[in-house]
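A.B. asks: Each chain, written out:
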Amino acid sequence: MLKHQLRSAGNHAILLAGVAFMILPIVLVVVSSTHETALLGETGLQLLPGAQMVENYTKVLTLEAGFTDQITALDMMKNSMIIAVGVAGLTTLVSLLGAYAMVFFRLPLAGFLFWLTLATLLLPLESRFINTFLVADALGLINTHLGMILPTLTVALGTLFFRQLFLAMPNEYLEAAKLDGAGPIRFFFDFIVPLSWKRGGAIFVVTFMVGWNQYLWPLLISTDESKYTLVRGIRLIGQESGPGMALIVLSLLPPLILVLIFQRWFFQALADEKNAF
Amino acid sequence: MSGVHLKSVRKTYPNGAEAIRGVDMDIQSGEMIVFVGPSGCGKSTLLRMVAGLESISGGDISIGDRVINDVSPSERDVAMVFQNYALYPHMSVRGNMSYGLKNRKMDKAEIDKRVNDAAKMLKIDAFLERQPNQLSGGQRQRVAMGRAIVRNPQVFLFDEPLSNLDAKLRVQMRIEIKRLQRRMNVTSIYVTHDQTEAMTLADRLAVINDGLVEQMGAPMELYNDPKTLFVASFIGAPQINLIPVKFDGTTLSNGALQLAGFSGLPENTDLVLGIRPDVLRVSGDGQFEMRVDLVEQHGGENLVYGALLGATNNEGDDLEVCLKGDKEMLPDLDGTLRLGFDSSTAFVFRKDTGERLI
Numbered sequence: 001m002l003k004h005q006l007r008s009a010g011n012h013a014i015l016l017a018g019v020a021f022m023i024l025p026i027v028l029v030v031v032s033s034t035h036e037t038a039l040l041g042e043t044g045l046q047l048l049p050g051a052q053m054v055e056n057y058t059k060v061l062t063l064e065a066g067f068t069d070q071i072t073a074l075d076m077m078k079n080s081m082i083i084a085v086g087v088a089g090l091t092t093l094v095s096l097l098g099a100y101a102m103v104f105f106r107l108p109l110a111g112f113l114f115w116l117t118l119a120t121l122l123l124p125l126e127s128r129f130i131n132t133f134l135v136a137d138a139l140g141l142i143n144t145h146l147g148m149i150l151p152t153l154t155v156a157l158g159t160l161f162f163r164q165l166f167l168a169m170p171n172e173y174l175e176a177a178k179l180d181g182a183g184p185i186r187f188f189f190d191f192i193v194p195l196s197w198k199r200g201g202a203i204f205v206v207t208f209m210v211g212w213n214q215y216l217w218p219l220l221i222s223t224d225e226s227k228y229t230l231v232r233g234i235r236l237i238g239q240e241s242g243p244g245m246a247l248i249v250l251s252l253l254p255p256l257i258l259v260l261i262f263q264r265w266f267f268q269a270l271a272d273e274k275n276a277f
Numbered sequence: 001m002s003g004v005h006l007k008s009v010r011k012t013y014p015n016g017a018e019a020i021r022g023v024d025m026d027i028q029s030g031e032m033i034v035f036v037g038p039s040g041c042g043k044s045t046l047l048r049m050v051a052g053l054e055s056i057s058g059g060d061i062s063i064g065d066r067v068i069n070d071v072s073p074s075e076r077d078v079a080m081v082f083q084n085y086a087l088y089p090h091m092s093v094r095g096n097m098s099y100g101l102k103n104r105k106m107d108k109a110e111i112d113k114r115v116n117d118a119a120k121m122l123k124i125d126a127f128l129e130r131q132p133n134q135l136s137g138g139q140r141q142r143v144a145m146g147r148a149i150v151r152n153p154q155v156f157l158f159d160e161p162l163s164n165l166d167a168k169l170r171v172q173m174r175i176e177i178k179r180l181q182r183r184m185n186v187t188s189i190y191v192t193h194d195q196t197e198a199m200t201l202a203d204r205l206a207v208i209n210d211g212l213v214e215q216m217g218a219p220m221e222l223y224n225d226p227k228t229l230f231v232a233s234f235i236g237a238p239q240i241n242l243i244p245v246k247f248d249g250t251t252l253s254n255g256a257l258q259l260a261g262f263s264g265l266p267e268n269t270d271l272v273l274g275i276r277p278d279v280l281r282v283s284g285d286g287q288f289e290m291r292v293d294l295v296e297q298h299g300g301e302n303l304v305y306g307a308l309l310g311a312t313n314n315e316g317d318d319l320e321v322c323l324k325g326d327k328e329m330l331p332d333l334d335g336t337l338r339l340g341f342d343s344s345t346a347f348v349f350r351k352d353t354g355e356r357l358i
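Quick note, the sequences are listed as chains A and B, same order.
101 is the number that our numbering gives to position 101 of the first sequence; each next residue is one higher, with no gaps.
153 is the number that our numbering gives to position 153 of the second sequence; each next residue is one higher, with no gaps.
Okay, chain B solo, but in the shape it has when bound (with noise of 0.2 Å):
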């Protein structure tokens, strides 16, 4: 197994748009690295430099000691799962496994060998001879996964392989990808757009903006410690609490909503607070109140959505908080909840730049 070491890669499209500005990474081997980002950050674009399916515009991209950059797709000993699948219509499961050994003039024992130990693991083996439109939307997964597998490659590459799933298979899924990823310890990068599934599956994670990294590290790393605004909104469900605040010395403040207990900020400046919906607590002597709208009960654990009361959005309108709770908690519609929070569970980000001070 080897890493993959992308250095100051670039994407320029022949129209001068830029789709990847300058991206570092070293992903070691073994590792699943999942990129996540809105749609259009160049996640996809990434993950198909490193497949061999766009070109590189500058910089490099290696696997193990290796510069791939030149290399043609099928001798970078990669294997990507398409997120349509791509299952060749005309070709039996089978044939859509052994398709790529055959080209690569395997023996045919060894074919047969690998695509049979494959589909078991898959358990895909009852419908080897079927053809892909037989299958289930999960059992042409399946195959897609097996034909990546039987290639016994250097590096998965997983294109949102799960977004053509409904919500039950997509976790199970999920899961049976995980489990698999550790038992062959091969190096992967997972691309989607689904928070939950990149928490779920990443060994690290690469939130992707606008053509760069903005962040890279464990899940949870990025969860408690977002280095940027986007960041901390883009990781973590329900969403992070964002509060438009000016600082001025010694009190955050939006309209009449005072906040003390803080320090070392600029004044004069656009600030944003942001509170995570699971650190906020109901309490006598909170901070601040919210008028319930609306209670989400997802069985274990309810959200509370509302209007912050006292402070506006930029926009003049009433600014909605969200607040985690078990599944005890159902206050009145209309009514008001006190709120307080751990300043020190808070986080402060510049709003024009987003780099976070606190």
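Isolated chain A (complex conformation) (with noise of 0.2 Å):
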């Protein structure tokens, strides 16, 4: 019986020190977003709470920042938002419709398709930054929130994530709406957009975080400040000011609220396949 205690003790420890391990960073920065630039300047961040807390986050909200003092904090959350929900968006609908082309119309060369779709994984953004920026600048997308959207698209997991869903699906659900009259258009509404909404939404709170994140991209390809995203926006305030800490802050609670909302969703639809329909 001790000799059990002693264990389930241990264990506990042990989650104890990768919970703290994993939150401790977020602590920081939430306790650090309370105090003075320049306390911060001096000892680095900080574990106990400070006074400026109101101070640091009013300025943050009203602050007008950049090279010409024309964005607002609310503007860059905006972007920011604009950015996530677009690449989130897309990427949920494009990989919903290219996995049901290719597991439900038996297309001539859908295995080949579905392949080619998945080694876009090999070729992640970063190596490829030269040939999109001029592919953007061609299409005269420099500098628009739709130039920072496209190429970030993270259709290949989609797909792959809507194609095993689909997959598993029964055949009989396809034949029997066939016999009951459902054609392709129908069958997408009626069957295919209600059974993956769980999974859609797993997927699109995935993508929100790629999009909110991004960072590299949007840096390349916009140069007005009226586009800047909070996540550059740090920078511009001074990522060491109390201040910039509060920005941090608030950076983190969109995509924080969207996986609270959806996380039961998001656990059944990823995890749990016999509950998946």
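You may find that some hints are simply not true.
Over 12 Å on every C-beta distance to chain B, these chain A residues come out as not near it, computed from the model [as the list claims (entries may be wrong)]:
no.	residue
1	Met1
2	Gly10
3	Met53
4	Glu55
5	Val85
6	Asn131
7	Met169
8	Leu179
9	Val193
10	Trp197
11	Leu219
Below, computed lysine-lysine pairings styled on DSS-like, alpha-carbon distance capped at 27 Å [to be verified]:
no.	chain 1	residue 1	chain 2	residue 2
12	A	Lys178	B	Lys113
13	B	Lys108	A	Lys178
14	B	Lys102	A	Lys178
15	A	Lys178	B	Lys168
Hints were generated in silico from the structure; no laboratory data involved.
These numbers come from a predicted model, not from an experiment.
No residue lacks a Cβ here, since even glycine has one placed at the ideal position from N, Cα and C.
Got two chains here, separate frames each, mind docking them using the hints?
C.D. replies: Written as structure tokens, this is what we have:
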């Protein structure tokens, strides 16, 4: 009995250490965002709360930063939101349509097309910056939201996840629907969309974070300060300042809220194959 | 209502495999036809060709007077019950049953009426608002039936609809399906590999083997008058006793086993003698002996299994025979029984072609 309790306590200690390791950086940032810039500069990140919280957050929210003082934190938040929602929405939609075509239409080259899509994972955006920039320029996408969205779509992973879901779907759904008079479009809206809802939500959350956390590509493709995102804005304000810390905390909030809201769906859709539908 | 007619129907897959090798069949209006055969024989493929879920490589299928080879599944006016039911998991029972009618732009009041009537008939009217995952296996089966019934089709197609149910429920649903089909009088095709289901449900049976119809007829006709070795061995439970024999002009023989009373059979040809377990009798002056090694008591009747003395099968091992008797028949294990049969109740087949000679 004692041995059992000891082992249990040991397990808990290991788990707690893991939790502390994961969460400490976030705690440091949150706590430090309540201190003066000068203190942070002298002694680094803080472990105990300070008194500058209201000032720092007020400053960040009302601040007009940038070379020409023309962008506010709210503007940057809006830019980030447009890009993250754009990336997530388009990835989910395109992957859904792609996987639908590959699985249900018996395309002659479906297998090849799938592997070709998956192969794009081997070429991350960083490895093709120059080509992608030239293409984006030719299309007139420099300094636009669309230019920051399109090249970063993670369609390969989305297609993989939807494809696996559709392959697990009994073929009889399609056959029964055919006999019930549903054509391809009706089948898509009456079956594919409602049955992929959960997995679509999970893909949306993951790709939202990909879009939200973009740094390098927006840096390359936008020179116009009015198109700056939050992640870029941190540099603008000074990442070691009190207001900078406050901005970091703000930039963490939207993805965090999204994950909290969708976490049940998220795990059901990606981990629990049996209740996938 | 209308009948279904198959004319030289063929199915060849792109890789050259032939699933259906020329089937002719006339199914009368209101008739219940059962396709029965071992797995892989093509019975489901043939059913799916009638449904429009598989294309037709050759020949014609017509419902009534209309050839439906190139008609889409939804316009063939057929309804199908699938083996795994294929209930739409995201729709309620009502949604499942009304989906096909909505797609046909049927009037809302008419849909409600049909769904309610069918639900009442199938005793699922209390579950109409439930989701499929809240139903038991038997209830799901009923919903699948209901989805077919509300369509009021020309033809019902059943693809092994009872094989996912437990034994007791299967018997119960079998009886209900038969009653329902009688009452609605809709032409039906039912696929199964279970010969009991086939015998009890069918107006006529089609025994399918290797893409061809071996024989078609009323269940008892196939039982009493099988045209081939395959039909004789597939129809009837327990299975018919098959004894490899040779004919020498007067007697059939296998080792020490000598059976007189046969004539007009080819000599020097491998033959197979078939005797149903229920025509074998224990009798002092019978033609052969068996050594009993197992008695199965089924309640109302007993099945006695053992080796036929003096004879061997093609591998040279003991030849197993089965005898059906009443519940009092309890012979000693390892004892011997002398058995007899009336030679007019036995069948003789050619071994190579399977053709029946007597």
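A.B. asks: Any Cβ of chain B at or closer than 12 Å to Val193/A, or is the non-interface label fine?
C.D. replies: violated, 10 Å
A.B. asks: Please verify whether Lys178/A and Lys168/B have alpha carbons no more than 27 Å apart.
C.D. replies: It is violated: about 32 Å lies between the C-alpha atoms, which goes past 27 Å.
A.B. asks: Evaluate the condition: distance from the CB of Leu179/A to the nearest CB of chain B exceeds 12 Å.
C.D. replies: violated, 5 Å
A.B. asks: CA of Lys108/B to CA of Lys178/A, is that 27 Å or under?
C.D. replies: Holds, at about 21 Å.
A.B. asks: Report holds if the minimum CB distance from Trp197/A to chain B is greater than 12 Å, and violated otherwise.
C.D. replies: violated, 9 Å
A.B. asks: Per the stated criterion, does the least C-beta distance between Val85/A and chain B lie above 12 Å, as a non-interface residue requires?
C.D. replies: Fine: 26 Å to the nearest Cβ keeps Val85/A off the interface.
A.B. asks: Hey, Lys178/A versus Lys113/B, does the alpha-carbon distance stay inside 27 Å?
C.D. replies: Roughly 23 Å separates the two Cα atoms, so the pair holds.
A.B. asks: With d taken as the least Cβ-Cβ distance between Asn131/A and chain B, does d exceed 12 Å?
C.D. replies: Non-interface label on Asn131/A holds, nearest chain B Cβ at 40 Å vs cutoff 12 Å.
A.B. asks: Over 12 Å to the closest beta carbon of chain B is the bar; see if Met53/A clears it.
C.D. replies: holds, 47 Å
A.B. asks: Would you assess whether Leu219/A, listed as outside the interface, keeps its beta-carbon beyond 12 Å of every beta-carbon in chain B?
C.D. replies: holds, 44 Å
A.B. asks: Hey, is Met1/A genuinely clear of chain B, shortest beta carbon separation above 12 Å?
C.D. replies: holds, 42 Å
A.B. asks: Is the nearest Cβ of chain B still more than 12 Å from the Cβ of Glu55/A?
C.D. replies: holds, 52 Å
The earlier numbered hints that this structure contradicts are 7, 8, 9, 10, 15.
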